[in-house]
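Novice: Following the hints, complete the assembly by docking chain B onto the known chain A.
The listed protein sequences correspond, in order, to chains A and B.
With this note's numbering, you'll find the first sequence wraps up at 258, consecutive numbering, no jumps.
With this note's numbering, you'll find the second sequence wraps up at 258, consecutive numbering, no jumps.
A portion of the hints provided could be inaccurate.
Stated by the list, open to error - Sample of chain B residues lacking proximity to chain A, with all beta carbon distances greater than 10 Å (derived):
{"id": "1", "residue": "Ile-9"}
{"id": "2", "residue": "Ala-45"}
{"id": "3", "residue": "Thr-141"}
{"id": "4", "residue": "Gly-173"}
{"id": "5", "residue": "Asp-182"}
{"id": "6", "residue": "Ala-230"}
Said to hold, decoys possible - If you want a taste of the chain A side facing chain B, the calculated C-beta under 8 Å gives, among others:
{"id": "7", "residue": "Glu-15"}
{"id": "8", "residue": "Val-95"}
{"id": "9", "residue": "Arg-126"}
None of these hints come from the bench; they were simulated from the model.
Glycine included, every Cβ here is placed at the ideal spot set by N, Cα and C.
Number of protein chains: 2
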Amino acid sequence: MNQIWALLLEYDGTAFVGWQFQPNGLSVQQVLEEAASRLARGAAVPSIVAGRTDAGVHARGQVAQIVLAEDWRPDRVREALNFHLRPHPVVVLQAAMVPDGWNARFSARARNYRYVILNRRARPALESNRVWHVHTPLDAAAMAEAARFLLGRHDFTSFRASSCQAKGPVRTLDRLDVRRDGDRIVIEASGRSFLHHQVRNMVGTLRWFGEGKYEPEYMRFVLEAASRAAAGPTAPPWGLTLVRVDYDPDPFG
Amino acid sequence: MNQIWALLLEYDGTAFVGWQFQPNGLSVQQVLEEAASRLARGAAVPSIVAGRTDAGVHARGQVAQIVLAEDWRPDRVREALNFHLRPHPVVVLQAAMVPDGWNARFSARARNYRYVILNRRARPALESNRVWHVHTPLDAAAMAEAARFLLGRHDFTSFRASSCQAKGPVRTLDRLDVRRDGDRIVIEASGRSFLHHQVRNMVGTLRWFGEGKYEPEYMRFVLEAASRAAAGPTAPPWGLTLVRVDYDPDPFG
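With the rest of the complex left out, here is chain A:
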């Protein structure tokens, strides 16, 4: 009998071409599916994922699903996958059985991302590939104020990559918090789903406000322009981490 498994994943996105298969390099998906294939006597094991992270983007709580034909105990699925995932920087934190009809992508209620800016003169010695280094001083309070204009249900065309394959540009942003923690600026974004590059484009635009380039109210104009040209540049991927995906009920409860 076929059993659907939900997998909670952590990975370092630095050396990958992103979640999704690419002909030009190693993807997290390929590494996971090759490990899963070892649990299925070499048969192909396709996966579905909650968030297709870009090259360089990390995950502490990505969720993927696979189907295994044989009976397994949850801790054995985790341990066996982790054994075969070596030495890649991808690990399974938990494996849980989920009922038929459950879907890692479509059952997700919210995706929670964190973006970290290292805001100081010196480059990072301990967190390179984990933070965006911005050496000009940023006003986190102004960024937080500007961020509030993006909350709620909007047409996010201004923050949508041209490569975005979503059907429409309307999304509901439930959280966009900005806080300073020493020399780091931490941005937390939550919503049911995001457009391609939406978080990175919002962060790149928030930088404008942190630099005092515009008053926070100007963010309303950026949003209402519904034009990618009205918003700021895309922040680099290495500051971004998919922290958690919410389901109801939580399969890893």
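Specialist: Chain B only, in chain A's frame:
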């Protein structure tokens, strides 16, 4: 005129043989002194450091001192050193002038270390070289209780490396906090000074209590035995970070 400079340093200790010069590999001291020499027209610039960290140990707030003969502005010292420190994972966060008689090592009032244990089944994908991975479940509350027996002024022979060059084994431990933060156990240790490997030996011993091998009160026996054989093994260096060194007044104030 000669000016003493205090330098606040961050570094990733992974690829270094430690702070101190060694014939068999690259040290943080060598990298710093070679960079400083470029600011002194090639003359040798010796350094003194607050804490001689071991190979693999990291720093977010190490303090070193150097002497420069020419007049410099503080931000220029920082920027010039950072330019010459590339591409090594060592950066100067701040440079500050300090008065004659000030000494990075002997003027220090306290050294503050953090040790992080990743306590879960899966190896770290995002924090390898930054945490000690212990996959058996640890009871952080029991570790915290055992830690309390080490607070205060004691003969710390049980936690002293045989290689320790300090004159005596008596030290005052002002803080040894243990707390769980999700799947991480964070241990914070503060004191005026520490014996060689003292923090790592305390952490290796605390693990015993986290595993329930002994009741917390047994820590008193470990301490009073005044024998390295009575304590636990040395925890690995990569979980340890020198977080901050305190001076009064704070040169980086």
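Novice: Hint by hint, say whether it matches the structure.
Specialist: Taking the hints in turn, this is what the structure says about them:
No Cβ of chain A comes within 10 Å of the Cβ of Ile-9(B); the nearest lies about 21 Å off, and the non-interface call holds. Even its closest Cβ contact with chain A, about 21 Å, leaves Ala-45(B) beyond 10 Å, as expected for a residue assigned away from the interface. Thr-141(B), annotated as away from the interface, keeps every beta carbon of chain A farther than 10 Å; the closest lies near 14 Å. Taking the minimum C-beta to C-beta distance to chain A, about 34 Å, the non-interface status of Gly-173(B) holds against the 10 Å cut.
Non-interface call for Asp-182(B) relative to chain A: holds, since the shortest CB-CB distance, roughly 19 Å, exceeds 10 Å. Every CB of chain A is more than 10 Å from the CB of Ala-230(B) (nearest about 37 Å), matching its label as outside the interface. Evaluation of the Glu-15(A) hint against chain B yields a held restraint, the C-beta minimum of about 5 Å falling below 8 Å. Taken as an interface hint, Val-95(A) checks out: its beta carbon lies about 6 Å from the nearest beta carbon of chain B, inside 8 Å.
Annotation: Arg-126(A) was flagged as interfacial toward chain B, and the flag holds, the nearest CB pair being 7 Å apart, inside 8 Å.
Hint compliance for this structure: every hint is met.
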